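Enquirer: Once you have looked at the hints, place chain B on chain A.
Protein chains: 2
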Amino acid sequence: MTMQKGNCLVGQSGGPTAAINASLLGVIQGALKDPMIEKIYGMVNGIEGFLKKNFLNLSDLFQEVEQQELLKTTPAMYLGSCRYKLASKQENPGLYEEIFNQFKEMNIRYFFYIGGNDSMDTVWKLSQYAKEISYPIQIIGVPKTIDNDLAGTDHTPGFGSAAKYVATSLLEIIHDTYIYDIPSVTIVEIMGRNAGWLAAASALAKKGYHHSPDLIYLPEVPFNTYEFLKDIRELQKVKKNIIVAVSEGIKDQHGQYIGAQNIGQGTDAFGHAQLRGAGKAVEYMVKNALGCKVRSIELSVLQRSASHIASATDLDEAQWIGQEAVKAAENGVTGHMMVFERISQEPYRLQVGSVPVEKVANLERVVPREWINEKGNNVTQEMIDYLQPLILGEVSVPYCQGIPKYVDISHLHSQKN
Amino acid sequence: MTMQKGNCLVGQSGGPTAAINASLLGVIQGALKDPMIEKIYGMVNGIEGFLKKNFLNLSDLFQEVEQQELLKTTPAMYLGSCRYKLASKQENPGLYEEIFNQFKEMNIRYFFYIGGNDSMDTVWKLSQYAKEISYPIQIIGVPKTIDNDLAGTDHTPGFGSAAKYVATSLLEIIHDTYIYDIPSVTIVEIMGRNAGWLAAASALAKKGYHHSPDLIYLPEVPFNTYEFLKDIRELQKVKKNIIVAVSEGIKDQHGQYIGAQNIGQGTDAFGHAQLRGAGKAVEYMVKNALGCKVRSIELSVLQRSASHIASATDLDEAQWIGQEAVKAAENGVTGHMMVFERISQEPYRLQVGSVPVEKVANLERVVPREWINEKGNNVTQEMIDYLQPLILGEVSVPYCQGIPKYVDISHLHSQKN
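Chains A and B, in that order, give the protein sequences. Count the first sequence with the numbering used here and you get residues 3 to 419, in order. Count the second sequence with the numbering used here and you get residues 3 to 419, in order.
If you're looking for bench data, these hints aren't it; they were derived computationally from the structure. As the structure is a computational prediction, the values presented were derived from the model and not from experiment. One should not assume that every hint holds.
One copy or any two copies: either way a pair holds, since identical chains are not told apart in the list.
No more than 30 Å apart at the CA atoms, straight line, and that leaves these computed lysine-lysine pairs for DSS-like [as the list claims (entries may be wrong)]:
1. K295 x K253
2. K289 x K54
3. K289 x K253
4. K133 x K232
5. K295 x K282
6. K329 x K91
One chain only, chain A, in its complex shape (with noise of 0.2 Å):
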């Protein structure tokens, strides 16, 4: 197949993380350095922006290595996000017309969209068309989601550093929590709806000097309060400080969410139920049943967007996943999404492949029920070997007046008109 010179297309989608802007840069990098791609566009705010012709030239704007360097390590998303599903070609045919209208107008023959599984449909769904219609353009995933629940990868970028910043966050909540000579019970809510790879991260934080997390509540093992109360009581009796991990998808055996107190946020784009509540739902579990000190924790989004501590490993993988991805769709590759296979574990060896993404889109690769204790409120060495290597290495990110040194968003300010 010849591939032909035309001009690039990248957007983000979906939640953000602390290794989207790396991914970014490795597909900006990759096309930097591909003769066939003339101009690198970067679609503002996903597909929604893109249909409002809001768009930036990222060739111009990440030219110097300096201001490179600085979107790597910058939270969040500087092209945006949008949390929109595309609608099938059945539902809405005008749309595709349109999308690949304006893909003609700007000579787009590569696009890169970069997010979790329901940025994957977008993928499949558009290249799908593309081939209907015959139109030459490489349409390629690159995979992000901090909860690592992508099917087909190994891990997913962002995982990583969401996964050093819960490790530390309970590393210092165990500090915060010894320093009282009375029984206490702290809750941690860790992030997942759905996947408990996240919270297994919290059993990283376990050193020689300390044995906590005490107990990890995974949303894969329907939780039961009344082995939970019991598993703290019989904690109790040995220890007075008890530091408790749960996922924010914690489900009872009905699958009901424990933490289900809708206050009112409804549901997003994608249908996700808002969820409120699993840390103090236990937290009140707690109180109510043993009277004892107890707090709960929320850690907030600050998993996703805590950047000056994310992993090494997270944002240099994440950029090398973007500049495969180029590399790929180079050699004629589309509909598919980048993934990483572990080749070795000691040493930690990755390779980076490709899979169809009809395979991977809309699925969810939750954790294995070998990978939790047979009690179900702890995760096995297997876990905490597979986790490890992906928290590894400080990034150095630049500070200015005491804060940390991000890139210029002001082209998201949203200034209404």
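Expert: This is chain B only, laid out in the frame that chain A set:
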């Protein structure tokens, strides 16, 4: 006055900070250098632990420079803490006899207590009693609090690091928030029961390319729901993503905490109410009145324990003031609290002095009204100038297997029996 050779006792008390171990190090280093001081004892879990004869030999534990440096950058409290307000001599004379018998038995001639204003009350009572019974001992308070509300000192050790954490977190939340092109309000709840110093530090997040946080509410100005919603509506005419910083201690015009959703935690031993929910309460106001997308984020205990992003200025100052406490004791000072005096702003320069502790114990230093704007929804340039130097400089924390390396606290395991 002839100083006597003897042993030194040091303790930590109250709520933890990222800098209180740096002050402990300063006291240890000062004491190691002092030929009048023989042994350095650390009381574990404050006065309560001391009465149970729970103490460590710090001269042995911190001989090595490597161990000292590790202590400096470790969060929370190496010696544990207690929330124990010493009864007055009238209420419990036997208690004072017990404490001073123990002092005599251990030949304690120097006592350093690192804590907040409730702890300074302990310093006052004990130094009064020592005078009454003519027991030769230098008793000195070393200040500590993330709230910056100790009277008599320009600022308090621990505050600068918490301020750096708040400003950094705000910046990262801003990046996270700006990615969506739909109207939203994000409320960030920051610690500070009656003093708004820490909430004010959110203003340090402002950069050239964004102007958030857009609104800042401190406890010093009564919070008016109507005015707040008016402020939000006005802002929504010109920008989409609004970021609001609120102190946990904001109160209405009757002095009632906005976030007074007491979930049954009661009060702590010092009679402080356990507050929950200023951020949530404000979130509900917006949700109910305006119906737009809104979320609240509670910054949690990491404000005081995230040592990986401590302020180098704060830690250096905390260490210095600990060393100066020992010098003051060498010079015969007793019943004083060590303080900072800012002798110049440009360049930023301090000197360390001390004040009689009865002038500061049980007092609370709040934000001056003139450092808050007229509308009561932001802070002035004078506030920003005051805060800026306190957050400068980044610490170099060693990492091990992807997370910070902190000092071993297994002596605080608080095993039962």
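Enquirer: Using 30 Å as the alpha carbon limit, work out where K289 and K54 are close: within a copy, between copies, both or neither.
Expert: For K289 and K54, only the inter-copy Cα distance (29 Å) is at most 30 Å; the intra-copy one is 52 Å.
Enquirer: At most 30 Å between C-alpha atoms: does K295 with K253 qualify within a copy, between copies, both, or neither?
Expert: Answer is both: 25 Å inside a copy and 26 Å across each meet the 30 Å cutoff.
Enquirer: Indicate which option fits the pair K295, K282 if close means a Cα-Cα distance not exceeding 30 Å: within, between, both or neither.
Expert: The answer is both: 14 Å in one copy and 22 Å across copies each meet 30 Å.
Enquirer: Could you figure out if K329 and K91 sit no more than 30 Å apart (CA to CA) within one copy, between two copies, both or neither?
Expert: within (29 Å within a copy, 79 Å between copies)
Enquirer: State whether the alpha carbon distance between K133 and K232 is at most 30 Å within one copy, between copies, both, or neither.
Expert: Classified as neither: same-chain Cα gap 58 Å, cross-chain 53 Å, threshold 30 Å.
Enquirer: Given a CA cutoff of 30 Å, do K289 and K253 count as a within-copy pair, a between-copy pair, both, or neither?
Expert: For K289 and K253, the Cα distance is within 30 Å both inside one copy (20 Å) and across copies (27 Å).
Against the hints set out earlier in the document, a violation occurs for number 4 only.
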